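Student: Spelled out, the chains give:
Protein chains: 2
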Amino acid sequence: MTRIAIDAMGGDYAPYEVIAGAVWAAQDYGVGLELVGNQDRIEQVLEQISKEGFLSECGKAGRKRRVRVNVKSLDIKITHASEVIEMGEAPGQAIRKKKKSSIVLAVNSVATGSSDALVAAGSTGAAMAASLFGLGRIHGIDRPAIAVTLPTMKKPIVVIDAGANSNCTPEMLRQFAIMGQTFSKNVLGIENPRVGVLNIGEEAGKGNELAQHTYKLLEEEQDKFNFVGNIEGREIFLNLCDVVVCDGFVGNVALKITEGTSSMLFRMLKEQFKSDLLGMIIGLLAKPFMKRIYTKINYEEFGGALLLGIKGITVISHGRSKAYAIKNAVRVAKEAVVNGVNRQIAESVV
Amino acid sequence: MTRIAIDAMGGDYAPYEVIAGAVWAAQDYGVGLELVGNQDRIEQVLEQISKEGFLSECGKAGRKRRVRVNVKSLDIKITHASEVIEMGEAPGQAIRKKKKSSIVLAVNSVATGSSDALVAAGSTGAAMAASLFGLGRIHGIDRPAIAVTLPTMKKPIVVIDAGANSNCTPEMLRQFAIMGQTFSKNVLGIENPRVGVLNIGEEAGKGNELAQHTYKLLEEEQDKFNFVGNIEGREIFLNLCDVVVCDGFVGNVALKITEGTSSMLFRMLKEQFKSDLLGMIIGLLAKPFMKRIYTKINYEEFGGALLLGIKGITVISHGRSKAYAIKNAVRVAKEAVVNGVNRQIAESVV
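Order-wise, the sequence lines are chains A and B.
In short: position in the first sequence from 1, add 171, done, that's our numbering.
In short: position in the second sequence from 1, add 171, done, that's our numbering.
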């Protein structure tokens, strides 16, 4: 049985929502769990959920339902961790200093083979640093990167890096391109994925130094990349490419702006419908249609993003993840155990 | 009478749509024009519009109406320019080499007082370089920057820089903060505007080196800035601050992702409504509500963004501007002549 290690203390709604999502996934997807964190609190939460279940919005904002989980029937290991790495701490220092933190011990459990993959919703920097040092990086990859899939009108597009590395070099982005195209091909099933550089204009000379140099690097290796040039922010959603590379700062801003824009638009629409009685009726009728779109783009459905470039599987979840998002993150982790994308990256780098 | 110089050759739909938008604005807002570009082509377009008007979507995608303009009644000067700066050219070189290009001559007409402000939809880099050299920069400001206002649930937020400078220093971002808060106060009427740094986490140590150092600079000057710390991409739309500073690369990506996300969502909703007959009826009923939101967020309504930090008024329009967007850009230029934001920046920098 596949076992997923969970940093039970990481995330804005930890440990309650994280544990709730994990046991929910364990029940629905048939995986074992290793919950890493304060043992007393984990046991308390498990007991509470065992008794009364928990409320979840299930990705549908505003409508909660009670989820029942037969906790006793699940295969759950608890690993006590006496420390927690907080959001403000410098990741590198923190993982060296706090060797008994939940994230470091959760990575250890993957490193020793006790678990097969890790889900972490706490500090992204700490999860990356712990994975880098605990699992090691793939030969030929300097820095791991986060790959997220964004919904578009047609096929999903991979954005890499979505937040692991704030300061990048062109060579790092070239490696992101390799990882991104392996992910696109092997996980999303896209043949010969087209690679683009996120930029602020079409022409080769546009953008900052990083984008300009990355353009040159990718252009030189026509045999390695199906390179389609620069992609502007607006074009991401038009399926002009399958993989877009950028530094983790820009990628994270892009990702969160996408989230922010869509949730604002849905709220604006809702408010607009509430402006009069007729609007309220039309709004009610339109709701199921809007919900289908919302489900398509809601980050909670995606659950988490894979950290690519390490010798192991780490799924990074949104800090704001509630149970439903964590559940989906565990699904992503389970799928990654099966498709072994990091193994394939190791092969394609050689 | 206020006269607006127009780079008639700049933009994806120049000269036709640019001239159409300019004469439309001249008629509706009572301004004079100085159309700068190939004289023959300008005269041709004016004659055509004079005879048959032009078709415009008026910011409502898919529904065109014919706009009639009494061209002969307008105060239009034509200034012949024998050259055009193309999108791919390096801006600095291009404006030095092509002294008879439409953008250089249009800036000249503002510099000499022949016109009061400039609207440009061509290469942003060329418009900035030409304005910088032709009009001069405000003392205390190293680099001009583009300020855009993004719609949010409540008050609009100013994002600066939205694309003028791809490579920035912390000191440049500090100056953007000064310009942004002057704009927010004097143009948008927001008292004591809150300033934030666009970043990928809340804490002071987050983000790339630029964001970290800018944070420190702004924090040190509590008397000068109403500094509220880091703002994440998602939070831009939550009105946690009034001015958000970032380098022009990130700002431009952010702006275009916002556009891309909203236009994708509207298209997804439209498609969803088309899935069955009931949906089509509900979609028809919902249309006016959706249109109100669309109008609120459509970049064509905003028309153009002011280039701040120069001794004069340059409005940068979207490269994809059609007549309606250009018309609104001329309105922005006219308003800027009245409110004189760059004069106020000069005062607040001292």
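In case anyone wonders, no lab produced these hints; they're calculated from the structure.
Keep in mind it's a predicted model, so treat the numbers as computed, not measured.
A hint or two may mislead.
No copy is singled out in the list; a pair is fine if it fits within one copy or between any two copies.
Straight line, CA to CA, 27 Å or less: simulated DSSO-like cross-link-like pairs of lysine-lysine [what the hints assert, rightly or not]:
| id | residue 1 | residue 2 |
| --- | --- | --- |
| 1 | Lys445 | Lys458 |
| 2 | Lys395 | Lys467 |
| 3 | Lys268 | Lys326 |
| 4 | Lys270 | Lys243 |
| 5 | Lys441 | Lys356 |
| 6 | Lys458 | Lys222 |
| 7 | Lys268 | Lys387 |
| 8 | Lys248 | Lys356 |
| 9 | Lys445 | Lys325 |
| 10 | Lys441 | Lys458 |
| 11 | Lys268 | Lys462 |
| 12 | Lys222 | Lys235 |
| 13 | Lys271 | Lys441 |
| 14 | Lys445 | Lys326 |
| 15 | Lys325 | Lys441 |
| 16 | Lys248 | Lys271 |
| 17 | Lys326 | Lys356 |
| 18 | Lys270 | Lys326 |
| 19 | Lys462 | Lys222 |
Student: Which hints from the list above does the structure break, by number from lowest to highest?
Tutor: 2, 3, 4, 5, 6, 8, 11, 13, 18, 19
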